[in-house]
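Fit chain B to the supplied structure of chain A, relying on the hints for placement.
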Amino acid sequence: MGSLFSEVFLGALLFGAVAAAVPLLLAGLGEQISEKSGILNIGIEGMMIAGAYFGFLVAYSSGSLWLGFLGGALAGGIVASVMAILCVRLGLNQIVIGIGLTLGLEGLTALLHHVQFSRTYPRLPAADVLAIPLLSDIPVLGPALFRHHLIVYLAVALVFVMIYVYRRTQLGLNLQAAGDKPAALDVAGVDVVRTRTVAVLSTGALAGIGGAYLANIGAGIFVPFITNGAGFLGIVLAMLARGRPVWVLLGALLFGISLSLTTALQVAGINIPTDVIQMIPFLAVMIMLVAFGRRSSLPAALGIPYERGAR
Amino acid sequence: MESTTTPAGTVTDPIQAMIHRLLLTLGPILIALIIAGLILIAIGVNPLEYYGYVIKRGLLSPTGVQQTLTRMAPMLFIAAGLIVAFRAGIWNLGVDGQFLLGAVASAASAPLLAAVMPSWLALIIAFSLATTVAMAWSLLPALLKAYHGVNEIITTLMMTFLGVSLANVMVKLVFLDPGTTVPQTRTLPVEDRMFRLFDTTISSGLLLGLVAIIAVHLMMTRTAFGLKLRVVGANPRAAVHSGLGVPSLTIAVFAISAALAGLAGAVDILGVQGNVRADWNPAYGLAVIPAVFLARLNGFASIGFVFLLSVLSIGGESAARRIGVPTTFTLVLIAIVLIVLAIAEYADHRYQNARRT
Chain A
0 MGSLFSEVFL GALLFGAVAA AVPLLLAGLG EQISEKSGIL NIGIEGMMIA GAYFGFLVAY
60 SSGSLWLGFL GGALAGGIVA SVMAILCVRL GLNQIVIGIG LTLGLEGLTA LLHHVQFSRT
120 YPRLPAADVL AIPLLSDIPV LGPALFRHHL IVYLAVALVF VMIYVYRRTQ LGLNLQAAGD
180 KPAALDVAGV DVVRTRTVAV LSTGALAGIG GAYLANIGAG IFVPFITNGA GFLGIVLAML
240 ARGRPVWVLL GALLFGISLS LTTALQVAGI NIPTDVIQMI PFLAVMIMLV AFGRRSSLPA
300 ALGIPYERGA R
Chain B
0 MESTTTPAGT VTDPIQAMIH RLLLTLGPIL IALIIAGLIL IAIGVNPLEY YGYVIKRGLL
60 SPTGVQQTLT RMAPMLFIAA GLIVAFRAGI WNLGVDGQFL LGAVASAASA PLLAAVMPSW
120 LALIIAFSLA TTVAMAWSLL PALLKAYHGV NEIITTLMMT FLGVSLANVM VKLVFLDPGT
180 TVPQTRTLPV EDRMFRLFDT TISSGLLLGL VAIIAVHLMM TRTAFGLKLR VVGANPRAAV
240 HSGLGVPSLT IAVFAISAAL AGLAGAVDIL GVQGNVRADW NPAYGLAVIP AVFLARLNGF
300 ASIGFVFLLS VLSIGGESAA RRIGVPTTFT LVLIAIVLIV LAIAEYADHR YQNARRT
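Protein sequences, first through last, are from chains A and B.
Numbering that gives the first Met the number 0 puts the first sequence at residues 0 to 310.
Numbering that gives the first Met the number 0 puts the second sequence at residues 0 to 356.
The shape of chain A in the complex, shown without the other chains (with noise of 0.2 Å):
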């Protein structure tokens, strides 16, 4: 028990927190976006397996992590461009058409990954890391939360890009419109069609980089359903934010720590399931949900499909 607060335990701790939490900042800030604006997407668990898969591809054969990221990317977009043409385009059940994609994806994703690598599981080379000047130095904290991937730095980035969009942008105010009073957007003249596709193929952009994130620099492979829930995850972080980027971020750490918290306990000679570290999370939010039980704030039009002149 000594080596429990020892530097290469705490080191571990939080390189590991950092790390688990990036894919699930990505599918939150994700999410957060179609939620603002209406579309509950259920189906970013697929997003983030289709960013997963075809990440993985595109970096294992181009060498490029960063054309992996696209790749990533650019899967988590199609997906979600179903998505956007069912739900958001025809409003077809929300419900009905995310769960859907996200059985297919993973069911496809599976099938494709079998045909290809069959049972081997071919790893890539380790991401190389950005040492950030002085900051990076300093013991313990240093190679922990300075010293990784320059995606990790650009994820964090993105919580205060968001809450400038959110904040200070026409789209942003578009967006929450969107979510909250449809028909009033309507009126002032904006797409509310277009806005709720812009939202939705934004979070499967980010989704399918959370999603490659996972695969490439997580794990260094892809396995089937790699992503173990780490989409629906999001989802409960995006809905306990209540709307604020940094909330997200703040949860993603959260849920972070107590992912690594197995690895590191491992290191530092502890043996416990994994399945009790999984749960501490979860009964901390829910602690809180208790303590604090307030209404959740989620805007008004949720999960309603938007038709011009319905009433």
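Hints were generated in silico from the structure; no laboratory data involved.
It is possible that part of the hints are untrue.
What the hints assert, rightly or not - Ranges of calculated distance between the beta carbons of each label pair, as one might list FRET restraints: (1) B/Thr199 x A/Ala125: 23 to 33 Å; (2) A/Ile269 x B/Val245: 25 to 35 Å; (3) A/Asp190 x B/Gln15: 32 to 42 Å; (4) A/Leu140 x B/Ser241: 57 to 67 Å; (5) A/Thr119 x B/Leu226: 30 to 40 Å; (6) B/Gly43 x A/Trp65: 24 to 34 Å.
What the hints assert, rightly or not - Reference listing, derived: stretches of chain B covered by chain A, where coverage requires no fewer than 3 residues with Cβ under 8 Å from a Cβ of chain A: (7) 152-160; (8) 165-176; (9) 274-288; (10) 314-328.
The model shown is predicted, which means the values in this text are computed figures rather than measured ones.
Just so you know, even glycine gets a beta-carbon here, dropped at the ideal spot from N, CA and C.
Just chain B, lined up with the frame of chain A:
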């Protein structure tokens, strides 16, 4: 093709309406099979051979059809639980956690009980334990929703993640079978399991499942209680104004829905599996949730969809062993069927509206 079956003014004719719905279901399924067939061709499998095998094993061969009918039992219970919740406007997306905890509760208790008492009594106690555990698991989301308005999609999703982990912890640490090195619960001997129908291998769980879903359907459509729930689902504010006790109705909905999910776990364990292996999670809920929506939350239509899901999954499992198409293809097939059905429903709705105006 629907146009010939619904001449103007006779849409309400029950027989024609039924034919119409049948075509509206079978047509899309055929289209979905063709799309999925293209995927099979792409991976070098003859779709006709695959489908032929799935139908033979899932539907026509005696052992296959018995497995299919048995597989329906847990899914029918889950569908019943979802219908109650969704009709009352409660998004219980946590059925898989409730299912698994119910399964573990029955698997942990039944083998021990069956050793000391008649098996029918052991089964009844195991069933009630599964129900109680699953209901308890839904209590927190129910209270948070009823009294604090906390969105139940968040809470039930989180409780399902928690529940799956807790079930695994229970299997690995608490209810481990000491007699084997495989991490699993004690196994209920075959002779102590739920009886089978006639001379077949079909579990009597199928009958219970059918009774459950029809009872739920009648409760929602024919009773005052069901009407109250539907009012809460359609317009909670109106429900408050008309004097309905919305919080207690909300809690009742959660309790019924979770109880049925727990029963689903119990019939699967006590009728078929006999034990719970570590990390076992069939995630029936994920496929059944969209299916009950497509059935428009109608109990009888849900039975049809559950049957379809069951045929595809049993046939797909056999095909995986024999033709070498991975079971993951079944997921793809089910997804395509669900999506094409949803699109067909939309197209029909548009077409009907256009005729009326």
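Outcome of the hint check:
{"no.": "1", "hint": "B/Thr199 x A/Ala125: 23 to 33 Å", "result": "56 Å, violated"}
{"no.": "2", "hint": "A/Ile269 x B/Val245: 25 to 35 Å", "result": "47 Å, violated"}
{"no.": "3", "hint": "A/Asp190 x B/Gln15: 32 to 42 Å", "result": "40 Å, holds"}
{"no.": "4", "hint": "A/Leu140 x B/Ser241: 57 to 67 Å", "result": "59 Å, holds"}
{"no.": "5", "hint": "A/Thr119 x B/Leu226: 30 to 40 Å", "result": "58 Å, violated"}
{"no.": "6", "hint": "B/Gly43 x A/Trp65: 24 to 34 Å", "result": "33 Å, holds"}
{"no.": "7", "hint": "152-160", "result": "holds (count 7)"}
{"no.": "8", "hint": "165-176", "result": "holds (count 5)"}
{"no.": "9", "hint": "274-288", "result": "holds (count 3)"}
{"no.": "10", "hint": "314-328", "result": "holds (count 3)"}
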